[in-house]
Structures are given as structure tokens and as C-alpha cells.
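Participant: Protein sequences, first through last, are from chains A and B. For the first sequence, position 18 (counting from the first letter as 1) is numbered 18 according to this note's numbering, and the numbering increases by one without interruption. For the second sequence, position 166 (counting from the first letter as 1) is numbered 166 according to this note's numbering, and the numbering increases by one without interruption.
One should not assume that every hint holds.
[Said to hold, decoys possible] As a list, the in silico DSS-like pairs of lysine-lysine whose alpha-carbon atoms are at most 25 Å apart: (1) A:Lys-25 to A:Lys-156; (2) B:Lys-452 to B:Lys-515; (3) B:Lys-83 to A:Lys-82; (4) B:Lys-405 to A:Lys-82; (5) A:Lys-236 to B:Lys-83; (6) A:Lys-82 to B:Lys-407.
[Stated by the list, open to error] Which residues of chain A face chain B? A partial, calculated answer using Cβ under 7 Å: (7) Asp-67; (8) Phe-170; (9) Leu-197; (10) Gly-253.
By construction, these hints were calculated from the structure, which means they are not laboratory data. Where a beta carbon is used, it is the ideal one built from N, C-alpha and C, also for glycine.
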Amino acid sequence: MSPAATITTGDSAAAAPMISTLADKPLGRCRIGLFVPCYMDAFEPAAGIATLELLERLGLDVTYPFDQTCCGQPMVNSGCHKEAAGTQALLVREFAEFDYIVVPSGSCTHQIRCHMTAIEQTPQVAHVRARVYDLVEFLHDVMKVDAFPWARFDHKVSYHDNCNAMRGLFHTAMSELNQPYFSKPRDLLAKVAGLELVHIARPDECCGFGGTFCVFEPAVSVKMGHDKVDDHVQAKADYVVSADSSCLLHQKGCADQVGAPLKFLHIAQVLNGDAA
Amino acid sequence: MTEIPLRGVPHADRLLHPELAGGQDESARAEDGARLSHGEGNSQPLQPRRDEPQPRGAKAHGSRPINHDEAAARFIDAPEHEKMHDARLWDLRSKRDGQAHAIPEWETLRELASQIKGHTLANLADYLEQFEAAAMANGVHVHWAADGAEHNRIVLGLLRDHGARSLIKSKSMLTEETGMREFLGENGIELIETDLGERIQQLDHEAPSHIVVPAVHKLRSDVSQVFERTLGAEPGNDDVHYLARTQREATRPLILDADAGLTGANFAVAETGAFVVCTNEGNADLSANVPPLHIASIGIEKLIPRVEHLGVFIRMLSRSALGSPITQYTSYFHRPRGGGEMHIVLVDNGRSTRLGMEEFWTSLKCIRCGACMNTCPVYRRSGGLSYGAVYSGPIGLILDPTFDKRKYSHLPFASTLNGSCTNVCPVKINIHEQIYGWRKVLAEEHQIGVGKQGLMMGAGAFLAQPLAYRAGMVAADGALKVLPEFVVANPLNPWTARGRDMPEAPRQTFHSWYKANRGKGEPS
């Protein structure tokens with residue numbers, strides 16, 4: 001099954017991505033390429049640094065290819081696939097040599113795995129699409145990390161599921177479906193000493209970032225952001241943690257407007273034990 | 001015994017079952033003794049804090065693209081309306097979840113329903129012929145309409161043949177597609193909507209905002225004003241029971257005196273030539289059974305092969321729509337009543353073209369439950385009328401462009417692509433993926449707007465050139481100037497336009513940090 005085959009079914013649960021691990025090659029000998037999303041590079045470099053340090057702490061050989069820019073999602077989500085071809089080709093050129101590509105973003109991972117179709121599907125493209133993992137998936141499913149002894153976080157945390165991470169990568173069970181509950185990111189956070197998870201009223205309601213949606217539909221986007229912030233506040237969260245900085249930037253922008261007492265962190269920073 | 005709402009109404013004795021009239025009913029009652037409707041029985045009553053004028057829908061300018069954001073902004077600027085709308089529809093979504101989680105085989109039912117519809121659509125011509133033959137054998141007249149105009153002409157012809165001047169009608173999104181209400185009005189036919197929500201919308205000269213709950217965007221105070229203006233209701237009385245009774249008293253005589261009735265259909269069964277209509281108000285049964293002429297307008301995608309398949313769909317329709325196990329009335333129409341006539345109009349109106357669209361044909365599986373609208377965070381905050389189209393919400397985003405690519409070219413962008421719509425769809429239409437697919441089609445056909453396309457072309461070119469990109473990023477405030485270009489380079493800078501602060505760019509990007517701290521012989 002090619003990654004492209006995962007995007008045309010009406011059942012997102014049936015579209016479960018291929019989790020392919022290199023059974024014959026120990027992780028310690030694998031070459032890991034780190035993709036840092038463009039907005040994280042610019043606005044949340046600390047999350048990128050935490051991701052790198054965390055992977056290195058876990059004994060991996062991590063490289064950050066220098067000419068990387070973006071996954072192409074802004075263009076593709078606007079329907080402009082042709083316009084994204086150059087960006088996608090650059091990404092493949094930068095990452096085709098790695099055993100795994102790790103991305104601290106569910107949304108960008110979903111883009112690369114399921115929607116990188118503007119360029120010819122060469123073996124290199126297929127390799128990149130099959131070997132790309134979001135950080136949570138990588139820690140939970142590939143590395144199966146069972147402890148973060150260096151991390152401690154004495155705060156109430158509301159975890160925000162990015163929609164692509166949840167409904168595209170299946171980070172967390174979806175409330176609409178009749179399926180058993182699971183949550184990979186919450187499993188990971190539960191291994192951090194002192195951390196208390198709080199629960200919001202509408203856990204899998206979109207926060208309204210939506211990529212270019214936040215530009216082309218500002219009224220609804222901002223309203224959704226304020227509603228989401230309010231939900232976190234009602235749940236008495238100190239921190240909002242997510243695997244996607246994009247949602248957090250949007251929610252932080254809304255929270256700051258109303259002076260909501262919330263702080264926002266990428267999950268990599270919590271798992272890496274960054275001082276909070 | 002609660003008050004019989006029809007006291008004093010002409011023909012009231014013909015309208016109530018003897019057991020009800022005699023106070024013998026044993027239906028469920030609330031603590032105060034009032035009889036529970038299924039909606040009231042498990043919904044939270046919502047009380048707006050103050051009156052507020054109802055925001056109106058999107059502004060239409062011929063075939064120019066509908067501006068959803070503009071209408072959505074006005075809806076959000078009416079906070080009482082937005083809040084009630086969001087809360088009411090979220091309540092429906094929550095009740096739907098409760099139903100779905102209470103049935104162990106729910107996901108199997110969805111898969112079955114999807115496959116039955118897929119099979120039927122793949123063999124649609126055969127099933128339509130089978131349906132026609134069976135219906136004719138039942139003594140039903142069957143007509144075929146290629147488009148909305150032909151449908152309207154057929155209905156008008158039938159009414160004229162029977163000397164009918166008034167038509168009572170139950171809910172039908174198909175007749176919204178064909179513009180039948182206006183057409184018949186222009187031709188001297190009085191049309192009376194019998195669904196309460198539709199009647200409210202008709203009296204207010206507004207289109208339905210939702211395919212199941214057509215007036216859900218209105219507060220009770222809005223309805224009170226409409227009824228005061230059109231039915232002579234008491235000014236300022238917005239008690240829902242009073243409003244419902246007022247409407248009923250005004251409309252029932254029109255129903256009883258109507259010359260003809262028209263219904264839609266939720267399902268049409270090929271093997272029997274029969275069709276099923278589901279309502280909660282029993283109004284389709286009035287439309288079908290009171291006048292001597294019953295016309296049913298049925299889209300050709302409503303077919304299912306066999307009666308046994310109804311068991312799959314009936315179990316899911318109302319659960320998905322309203323979170324109730326079944327509609328109050330599920331009526332199965334086989335043949336005309338003695339002395340009456342039954343006519344079925346099978347309507348294409350673009351459906352066979354849609355069936356030929358490789359990426360979008362499964363949208364024809366839709367059973368019009370509205371679950372995707374109830375769950376959609378954009379729909380809940382913008383109201384159905386903000387879409388300026390017959391179909392709103394997620395299903396509208398993928399149906400409307402098939403009617404007019406230019407006018408509805410911006411609608412597929414009124415989505416965050418969050419995917420909740422796909423997960424609640426009882427026939428498993430991949431709605432959010434089709435929204436994504438429509439964006440591509442519209443961009444390829446240059447229908448998304450020059451500004452947006454230009455912005456994306458610029459961003460695409462820039463992001464494909466690492467040297468130019470990095471050069472832009474190292475300048476002071478470079479990130480804010482060049483990245484994310486699609487966010488901050490927009491001339492209107494909507495990021496900060498409405499209640500959202502701009503992120504602060506740190507002094508050092510990850511890239512420059514890495515270069516300084518880990519640069520293992522990298523060239524730049």
C-alpha cells in the first residue's frame with residue numbers, strides 16, 4: 001500500500017498510516033534526519049532545540065539538513081499543488097538519505113506522508129513519505145520510550161490534539177468514532193513526574209488555526225481560538241501542551257488578547273525536561 | 001391533562017386521536033407534568049441574555065463568489081445568536097455521540113450503509129428502472145426530470161391538471177435546489193410549508209439554514225417577531241409553546257383545505273417502488289394524506305435496493321441527525337390512497353454529472369442527516385446562511401461547487417480540514433478530503449482568486465530556494481517579513497485583525513542556533 005492510497009478512504013481509522021520500522025537495523029545505528037517546521041524555526045526555536053536534545057539524549061544520531069525550508073503545506077492546503085512542487089522536491093532532496101525523518105509536528109508529518117503528491121512519485125519520494133514520523137509517533141511507536149527520568153513538570157496540563165495529528169496520524173482516539181480510548185501523547189506525558197493532566201469540555205474540537213484558514217477566514221478562526229482558550233481556562237490548566245507549535249501560536253495569540261493565565265509549550269520541551 | 005393546543009381551531013376534532021382528546025395518553029412527562037417531546041426530553045434549554053437583531057446571511061451578487069468570511073463575521077458579531085447556535089448544535093453532536101457509542105456495531109453499520117450506497121450508485125440506472133417499474137405496478141405515476149426547471153414544470157403541470165391552487169409541502173432540500181417555491185408562487189400557486197422550521201423561514205422570506213433544523217440560527221425572540229409580523233402573534237411573547245401553537249393554529253386550516261401535497265423522500269426502495277419519509281412533526285403525513293394528490297420529489301441518489309436495507313439506514317438517520325433513536329414518524333408510502341393519486345418525480349439536476357466525477361462521486365451517498373454540520377466548528381460559529389448556498393456546512397462545501405463553480409469557489413476554504421465531518425458521516429463520505437480535493441480543482445481552474453493564487457505562487461517559489469529563504473530570515477525581523485509569508489505578508493494582516501496577538505519572533509532562529517552550536521562542517 002502506497003502512502004497515496006491512504007488519502008482516499010472515507011474512514012480515517014481505515015486510513016491508518018503504515019508504521020514501518022527497520023527491524024533489522026538497531027535504532028542506534030540509524031541515521032535520523034530532523035525536520036524543523038518553518039514556523040517553529042522562526043517563532044519557537046526552543047521547541048526545535050528540545051526535540052534535537054531529546055533525540056540525542058535517547059542515544060540517536062540526529063542530523064539537521066541545512067537547506068530545508070518547509071513541507072509545502074501552506075500552498076497545498078490552498079489547493080496550489082503545482083506551486084508546492086519545488087518546495088516538496090527540495091524536502092525530498094534534503095531527506096532522502098535518512099533512515100528516519102522525525103518531525104516535531106503532526107501537521108507537517110501528515111502533509112509529507114499523505115499529501116506530498118505534487119511531484120513525481122520516485123523511489124526517493126516514496127522512501128521519505130514512508131519513513132517520516134511525527135515526534136510523538138516516533139517516541140511512542142518506534143522507540144517505545146518507557147521513561148523520561150530527566151523530566152519533571154509540577155503543573156496542570158491541558159493537552160491539545162492537533163487535528164491532523166489526531167484524525168490523520170491517529171495520535172488519540174476520536175470522540176466521534178465508536179472505538180476504544182487511547183492517546184499516545186498523553187501516554188508519554190503520563191511518564192513525566194509531577195505532571196497532572198486536566199480535561200477540557202470539547203477535547204477534540206479544532207482550535208481554528210487550520211493553516212491558511214487563519215488568514216482567509218479570520219473571524220471564525222479567532223472565535224474558535226478564543227473558545228478553545230476559554231475551555232483550557234475552565235479546566236484550570238496552567239499549561240497548554242501540544243505536538244504542534246502552529247496551533248499553540250494561534251491559541252497563544254488569542255489568550256494574550258484576553259489576558260488568559262495560560263502558558264504554552266511544545267511536548268518536546270516537557271519531555272526533554274526543559275525548565276518550566 | 002395538558003391543554004389541547006387546538007382548542008377552538010376549526011376541524012380540531014378531526015386532528016386528534018380519540019385517546020389524546022380523552023386525556024388517555026401515557027407518553028413520558030417531565031416533573032412538572034408536561035408531556036415531553038423528544039427534543040425537550042434530553043436537551044438543555046438555552047436562554048439568551050438579551051434581545052439582539054438576527055444577523056442575516058451572505059450577500060449574493062449574481063455569480064460572484066460568495067464571501068463566507070464576511071457573513072460569518074457578522075454572525076459572530078451577534079454573540080447571543082452565535083453562542084446559542086454553537087451550543088444547540090454541539091448539544092446535537094453530543095447526543096449523536098451518545099447514541100453512536102451505545103451501539104456496539106455502530107462502525108459496522110456505517111460501513112454497511114456506505115457499501116449499500118456505493119453499490120446502488122454503481123448500478124444506479126438498473127435500480128432506477130426497477131424502481132420505476134415497481135412503482136408503476138403499484139399504481140403510481142412516475143416522471144423524470146433532467147434538471148430543476150423540468151421538475152418545477154412537471155409539478156406545476158400536475159397541479160394545473162388537477163385544478164389545484166394550493167400546495168402543502170413537507171421539507172425537501174431538493175425543491176430548494178430547484179427553486180420550486182418561487183417558481184410556483186410566480187405561477188399563482190399558494191405554497192404552505194408544513195415543517196415548523198421551514199414555515200418560520202418561509203414566513204421570514206429566508207432560506208433554510210440547516211438541512212434538518214432549518215431555523216436553528218434564529219432565537220426564540222426572532223421567531224416571536226416573525227410571528228408577530230406575519231401571524232398576528234402577541235408582541236414580545238417568546239414562549240416556545242405559545243409560538244408553536246400560534247403557528248399551528250394559523251397553518252392547520254390551510255393544510256386541511258389544501259388541494260395537493262408534496263413531500264420529499266429519505267429513501268426510495270427499488271424492489272418495491274415505495275419510498276420512506278422521516279419527520280418528527282408528522283407533517284409529511286399530513287402533506288401526503290390530507291389532499292387527494294400526493295407528489296413526491298425524489299433525487300435519483302435516494303435509491304436503495306431492498307426493503308431490508310432500510311434497517312441499516314433508519315437506525316442511523318435520526319441518531320446521526322439529532323441523537324434520537326428514531327424519528328417520531330417513519331412513513332412508508334407504497335401506493336395512492338383510494339380515490340387519490342400519487343406521482344413521483346425522479347430528479348437528476350446535476351447528480352449524474354456528479355456521479356461521473358472520480359474524486360467526488362461518493363458525495364451522492366449523503367442521506368442529508370446534517371451530522372457534519374452539527375459537528376463542524378466553522379458551521380457552528382458562522383450559521384448556515386453565511387454560505388449563501390442551498391447546502392451549507394461541510395457537505396455544502398463539496399456539493400455547492402457542482403452547481404456553480406465560480407459562485408461557490410471560496411466555500412471549500414471555509415474549513416479547517418479538521419476531519420470531524422468525515423468521522424460523523426453515517427455513510428462514510430470522506431468529506432474533508434473532498435474539500436481538500438475541491439481546493440485543488442478550483443486552484444487549477446484559477447477560481448480561487450488572483451490574490452490567493454499569487455501569494456501561494458510567491459511562497460512556493462521562495463520556499464523552494466534555500467539561499468533566498470535564509471537570506472530573508474537573517475534580516476532584523478526577517479521572520480515576520482518573510483515567514484510565514486502566508487500569514488503575515490497578507491496586506492490586511494488578518495492575524496492581528498480580530499483579537500489575536502502576533503507571535504514574537506525570537507532573536508535567533510533554530511537554523512542559526514544549530515549553525516552556531518552544532519554546525520558540523522555545514523557549507524553555509
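Participant: State the violated hints by number, sorted upward, taking the hints as numbered earlier in the document.
Facilitator: 1, 2, 3, 8 and 9
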